[in-house]
Amino acid sequence: MSSQLTVTVNGTSVTVSAGTTVAVALALAGQACRTSVTGEPRGPLCGMGVCFECRAIINGKLHSRTCQTLCEAGMEVKSEK
Amino acid sequence: MKAEMRRDGQQRFDVLVIGGGPAGMAAAVRAAECGAHVGIVDDNATLGGQIWRSESEHGPTEDAAKWYQRLLTAKVTKRCGVRVFHQPAAGVLLAEGSDDLYELRYGNLILATGARERFLPFPGWTLPNVMGAGGLQAMVKSGLPISGKRVVVAGSGPLLLAVAAYLRRHGARVPMICEQASWSNLARFGAALLRHPAKIIQAVQLQRELAGVPLAPKSWPVAASGREVLESVTISRRGKLETINCDYLACGFHLVPNTELPQLLGCQVSSGYVQVDELQGTTVQGIYCAGEPTGIGGVELALVEGQIAGLAAAGRAQEARKLFAERDRARRFARILDQAFRLRPELGKLPSAETIVCRCEDVSYSCLQRHASWRAAKLQTRCGMGPCQGRVCAPATQFLFRWNPDSIRPPVFPARVESLALAGRREQQAAQ
Numbered sequence: 001m002s003s004q005l006t007v008t009v010n011g012t013s014v015t016v017s018a019g020t021t022v023a024v025a026l027a028l029a030g031q032a033c034r035t036s037v038t039g040e041p042r043g044p045l046c047g048m049g050v051c052f053e054c055r056a057i058i059n060g061k062l063h064s065r066t067c068q069t070l071c072e073a074g075m076e077v078k079s080e081k
Numbered sequence: 001m002k003a004e005m006r007r008d009g010q011q012r013f014d015v016l017v018i019g020g021g022p023a024g025m026a027a028a029v030r031a032a033e034c035g036a037h038v039g040i041v042d043d044n045a046t047l048g049g050q051i052w053r054s055e056s057e058h059g060p061t062e063d064a065a066k067w068y069q070r071l072l073t074a075k076v077t078k079r080c081g082v083r084v085f086h087q088p089a090a091g092v093l094l095a096e097g098s099d100d101l102y103e104l105r106y107g108n109l110i111l112a113t114g115a116r117e118r119f120l121p122f123p124g125w126t127l128p129n130v131m132g133a134g135g136l137q138a139m140v141k142s143g144l145p146i147s148g149k150r151v152v153v154a155g156s157g158p159l160l161l162a163v164a165a166y167l168r169r170h171g172a173r174v175p176m177i178c179e180q181a182s183w184s185n186l187a188r189f190g191a192a193l194l195r196h197p198a199k200i201i202q203a204v205q206l207q208r209e210l211a212g213v214p215l216a217p218k219s220w221p222v223a224a225s226g227r228e229v230l231e232s233v234t235i236s237r238r239g240k241l242e243t244i245n246c247d248y249l250a251c252g253f254h255l256v257p258n259t260e261l262p263q264l265l266g267c268q269v270s271s272g273y274v275q276v277d278e279l280q281g282t283t284v285q286g287i288y289c290a291g292e293p294t295g296i297g298g299v300e301l302a303l304v305e306g307q308i309a310g311l312a313a314a315g316r317a318q319e320a321r322k323l324f325a326e327r328d329r330a331r332r333f334a335r336i337l338d339q340a341f342r343l344r345p346e347l348g349k350l351p352s353a354e355t356i357v358c359r360c361e362d363v364s365y366s367c368l369q370r371h372a373s374w375r376a377a378k379l380q381t382r383c384g385m386g387p388c389q390g391r392v393c394a395p396a397t398q399f400l401f402r403w404n405p406d407s408i409r410p411p412v413f414p415a416r417v418e419s420l421a422l423a424g425r426r427e428q429q430a431a432q
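Heads up: the protein sequence lines correspond to chains A and B, in order.
Per my numbering, the very first residue in the first sequence carries number 1; after that it's consecutive.
Per my numbering, the very first residue in the second sequence carries number 1; after that it's consecutive.
Because the hints were derived from the structure by calculation, they are not lab data.
Some hints could be false.
As the list claims (entries may be wrong) - Facing chain A, according to a computed beta carbon distance under 8 Å, are these residues of chain B, among others:
#1 Asn-44
#2 Gly-97
#3 Pro-128
#4 Met-139
#5 Glu-346
#6 Gly-348
#7 Lys-349
Unchecked claim - Each computed DSBU-like pair below joins lysine-lysine, with the alpha-carbon atoms no more than 35 Å apart:
#8 Lys-322(B) / Lys-81(A)
#9 Lys-81(A) / Lys-349(B)
#10 Lys-349(B) / Lys-61(A)
Glycine included, C-beta positions come from ideal geometry on N, C-alpha and C.
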C-alpha cells in the first residue's frame with residue numbers, strides 16, 4: 001500500500017495516496033474545482049493541463065491547474081469562485 | 001532568490017526537444033546517441049506523453065521501456081513540469097516551472113507537442129463528471145477511484161476503445177461505447193489494422209477486454225443531464241434516442257494536433273497540420289516537427305518521425321533516410337485513421353442556443369452564431385480569450401462554423417508576471 005497523506009479541501013480534510021493529483025482530491029471531497037463566470041460548477045475536462053477547467057487555489061496560489069499538481073501533506077486547496 | 005534561479009535556469013543545447021511523448025523521446029534519444037548535447041522539456045510531471053504515462057500497474061509496454069532506457073543511457077537532460085511560453089529572440093525559448101523560470105538556448109529545435117482531444121459542445125457538456133475520454137483516463141491514472149462506477153464512453157476514434165478497456169480493468173461498468181463513425185467505416189479501419197502485425201495484437205487484446213460491452217456505431221451524445229453533477233446522458237443511436245444513467249461521461253471526438261507553439265515560432269501550418277519536408281524540417285530553418293502535429297497517426301508514426309527528426313537535427317540525414325520506408329507505412333495507416341473517423345455533419349447541430357461553446361468565458365452558441373469569423377467573435381464575445389486561449393473552443397468553432405483561428409500571440413500559455421518581465425528584457429537585448 002502506498003503512503004497516505006492529508007490535504008484540506010474547502011476546509012475539510014481529505015486523505016489520499018501519494019501520487020494523487022489535487023483534481024482527484026477535489027473530486028473525492030465532492031467539490032467543484034471552480035465556478036464559471038455565469039455561476040456554473042465546473043470540474044476537470046481534459047485531464048492533461050490544456051483546458052484550465054480544473055483550476056483552483058492551491059496554498060493561496062490562484063489559477064493553479066489541479067490536474068497537473070500532485071497532493072502534498074498539509075496542502076490547502078480551495079475552489080475558485 | 002528569484003534572480004538566482006533565473007541564472008541557474010539558463011542552459012544551451014545542441015538539440016532541444018519540446019514534448020516528452022513517444023515522438024519527443026525518440027528524437028532526443030537518436031540525437032543524443034549521435035553525440036549531441038540534448039535537452040527534453042515537457043509540461044507534465046513525467047515523460048511518456050499521454051499514451052505512455054504511468055502505465056505502472058502493468059509496467060511500461062516493452063516498446064516504452066526500451067525508449068526510457070535509451071534516454072537514460074544517452075544522458076539526455078530532462079526538464080519536466082516545465083512549459084515553454086515565449087521566444088524572445090531566435091534560438092532562445094523561455095519556459096516556466098512551478099516556481100522557476102528557464103532560458104533555453106538551442107542550435108536545433110524539435111517540436112513534438114503532441115495532440116489533445118477534440119471536444120464538441122452539446123447541451124449539458126459543461127456539467128462536472130462530463131470529461132474527455134483521455135481526460136477521465138488521466139484522472140483514473142492519477143488516483144480517481146472508478147471501481148463500480150458507470151461510465152458511458154462516447155465520441156470518436158480508437159482512443160475510445162482503449163479508454164473503455166482501461167476503465168473496465170479498473171472495475172468500471174461501461175454500459176455502452178458510442179462511436180459516431182458508421183459501421184462500414186469501422187469495418188474498413190478494422191481491416192487496415194489486420195495489415196499491421198503490432199496492431200493485430202492490440203486489437204485482439206482489446207476485443208477480449210471489451211467482451212460484453214456494446215459498441216454502437218453511428219451513435220453520439222445529444223444531452224448530458226444532472227443537477228450539480230452528471231446523472232444521465234441521452235444518446236442518439238442510429239436515429240433513436242435513449243437515456244442512460246451514469247456517473248461519468250467520457251467523451252472526446254478524436255484528436256487535434258497542438259500547433260500553437262510551432263505557429264508562434266513561425267512554422268507554416270496548413271489544413272491544421274505543421275508542414276514538414278522529408279527530414280521533418282519545418283519551414284523555419286533549424287526547427288523540426290515530429291508526431292501528431294504533422295498529422296494524427298498514433299504511436300508508431302510518432303516514433304519513426306521522432307527518430308528521423310532527431311537524426312536530421314544531429315546532422316545525420318543519411319541515417320535518417322533509412323527510416324523513410326517505415327514512415328511511409330505508418331503514414332498509410334494515418335490516412336485510413338483520418339478517413340474512418342471523419343466527423344459527420346450532424347454533430348454540428350448538437351448545441352442548442354444556450355449551450356456554452358467557450359467554457360472559459362461562458363459564451364453561448366447563439367452569441368457566436370451572429371459572427372462571421374473567429375476574430376470577430378473573439379473581439380465581440382471574448383470567445384477564446386480565457387486561460388485555455390481557445391485550445392478547447394477553437395477546434396469546436398472550426399467544426400461548427402468553419403472558422404479558422406488567426407495568428408498565435410505570445411505567451412502561448414498564461415505566464416506569471418515575473419516571467420513576462422524577463423521575456424521583455426530579453427526582447428530588448430535581442431533588439432539592441
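Task: Structure versus earlier hints - violations, ascending order - done: When the structure is compared with the hints, numbers 2, 5, 6, 7, 8, 10 turn out to be violated.
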